[in-house]
Amino acid sequence: GIQVEQSPPDLILQEGANSTLRCNFSDSVNNLQWFHQNPWGQLINLFYIPSGTKQNGRLSATTVATERYSLLYISSSQTTDSGVYFCAVENWGSGNTGKLIFGQGTTLQVKP
Amino acid sequence: DTEVTQTPKHLVMGMTNKKSLKCEQHMGHRAMYWYKQKAKKPPELMFVYSYEKLSINESVPSRFSPECPNSSLLNLHLHALQPEDSALYLCASSQEQDTQYFGPGTRLTVL
Chain G
1 GIQVEQSPPD LILQEGANST LRCNFSDSVN NLQWFHQNPW GQLINLFYIP SGTKQNGRLS
61 ATTVATERYS LLYISSSQTT DSGVYFCAVE NWGSGNTGKL IFGQGTTLQV KP
Chain Z
113 DTEVTQTPKH LVMGMTNKKS LKCEQHMGHR AMYWYKQKAK KPPELMFVYS YEKLSINESV
173 PSRFSPECPN SSLLNLHLHA LQPEDSALYL CASSQEQDTQ YFGPGTRLTV L
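Here the protein sequences come in this chain order: G and Z. The first sequence begins at 1 in the numbering used here and counts up one residue at a time. The second sequence begins at 113 in the numbering used here and counts up one residue at a time.
Chain G with its partners taken away, still in its complex shape (with noise of 0.2 angstroms):
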């Protein structure tokens, strides 16, 4: 099955400064999501992105497809956007739709 890796897998920053999240996968994919998980444990969206570039207030994303990997930009960085950050992806062959496969995600802890 694919193989998704996350780096680093733990990340210290002083509040305001900039990060980028990496994702590498070993195989195609038709679906790929960020998440951000809460110290409570809720997983929220923060993009969906197989492919191409998307940017929503202070985060952005990158998807290079033919390369097999994925970008999470967090710029000025705030104390909640402390956690575990998750990139999971999708492949739609063999009878897979549905099957999302999670990397081992990134702890962010943010500091004031």
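Relax, there's no trap hidden among the hints.
Derived, one-sided and incomplete: chain Z residues facing chain G with beta-carbon distance under 7 angstroms:
{"id": "1", "residue": "155"}
{"id": "2", "residue": "157"}
{"id": "3", "residue": "160"}
Hints listed in this document are in silico derivations from the structure and should not be mistaken for laboratory results. Small disclaimer: the values here were computed from a predicted structure and weren't measured. Note that CB positions come from ideal geometry on N, CA and C, so glycine has one too.
Put chain Z on the given structure of chain G with help from the hints.
Leaving out everything else, chain Z in the frame of chain G:
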């Protein structure tokens, strides 16, 4: 509205108990999912329902029994669980081949 609701938020049960987790969405999504998440690990898919039919079962033990009574509701029936089944159980829904939206989860403790 992109809300998926789950009840209860917390559940403590003994190994001989029978309990159920409930998930509801009113977004008209035709696919619904159960995931299990252990501490400091990513979510792992358990079941997928598509148009109210079970389409994926990731070799989950039979002590977990899913049910989809209608297109808005998804249940997970629990029976004779083990302490290692303690985890956060997440429900999600989507249109087919589209963004998955997650509920807040049920934190389950098996004593």
